[in-house]
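Protein sequence lines correspond, in order, to chains A and B.
In terms of my numbering, the first sequence is residues 1 to 113.
In terms of my numbering, the second sequence is residues 1001 to 1114.
If you are wondering where the hints come from, they were derived from the structure by calculation, not from laboratory data.
Predicted model, so just to flag it, every value in this text is computed and none were measured.
One thing to keep in mind: the hints can contain errors.
What the hints assert, rightly or not - Each computed DSBU-like pair below joins lysine-lysine, with the alpha-carbon atoms no more than 30 Å apart:
(1) K1027/B <-> K67/A
(2) K1071/B <-> K105/A
(3) K1051/B <-> K56/A
(4) K1071/B <-> K1044/B
(5) K1071/B <-> K1027/B
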Amino acid sequence: QKEVEQDPGPLSVPEGAIVSLNCTYSNSAFQYFMWYRQYSRKGPELLMYTYSSGNKEDGRFTAQVDKSSKYISLFIRDSQPSDSATYLCAMKDSGGGADGLTFGKGTHLIIQP
Amino acid sequence: NAGVMQNPRHLVRRRGQEARLRCSPMKGHSHVYWYRQLPEEGLKFMVYLQKENIIDESGMPKERFSAEFPKEGPSILRIQQVVRGDSAAYFCASSPGGDNQPQHFGDGTRLSIL
């Protein structure tokens, strides 16, 4: 079983729809959770960073963490064609020198105008 | 530009040559991380460095790969005697350090091996 599972898609939705992206993980030591957006031929861009269960909102983006179920989500409201990209979930445990992130493979999102 | 700077953006090498990839962290960041992204694969952690120290190299291949972050200048990821399987995008990230500080990425170096 991979440490982080993420559906690669593609996920295609019409403009204005609410998008739900998800990851599951198996390592209960993971304490910090991130969502990155990656456009083609570019580096990952940090969207959300959280370390507690519950919801965190930033503009059109909401990150949700459920540590008991080992499940994280990213919701995008009022989706725009410019949101079309690959979305990567990432996580890490609580330090001790092990600061490398573990990534999902990414979900390719397409917003249809 | 205050972001993480990587160069070159594209690098072509023949099998057996050496590849050197450079990374300048964001201003104020002293922690550097290298990741590799193979085609159709996710980003994989390779190594974590602070100035003049390797903190965690658990993701580095045992042979041909090395990394450094000298007191002055950029971090360097060095691949000796490259093989076709080394073709990938290599990303550098930096942070100020600490559990509550996220990592910010550069735009990567795309390495192609002929």
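Hints, verified against the model:
1. Restraint check for K1027/B and K67/A: not satisfied, since their Cα atoms lie roughly 34 Å apart, outside the 30 Å limit.
2. A distance of roughly 34 Å separates the Cα atoms of K1071/B and K105/A; the hinted pair therefore is violated under the 30 Å criterion.
3. Using a Cα cut-off of 30 Å, the hinted pair K1051/B and K56/A is violated, with the two alpha carbons roughly 33 Å apart.
4. As the CA atoms of K1071/B and K1044/B are separated by approximately 26 Å, the hinted pair is consistent with the 30 Å bound.
5. Straight-line distance between C-alpha atoms of K1071/B and K1027/B comes to about 14 Å, which keeps the hinted pair within the 30 Å bound.
Of the numbered hints given earlier, the model fails hints 1, 2, 3; all others are met.
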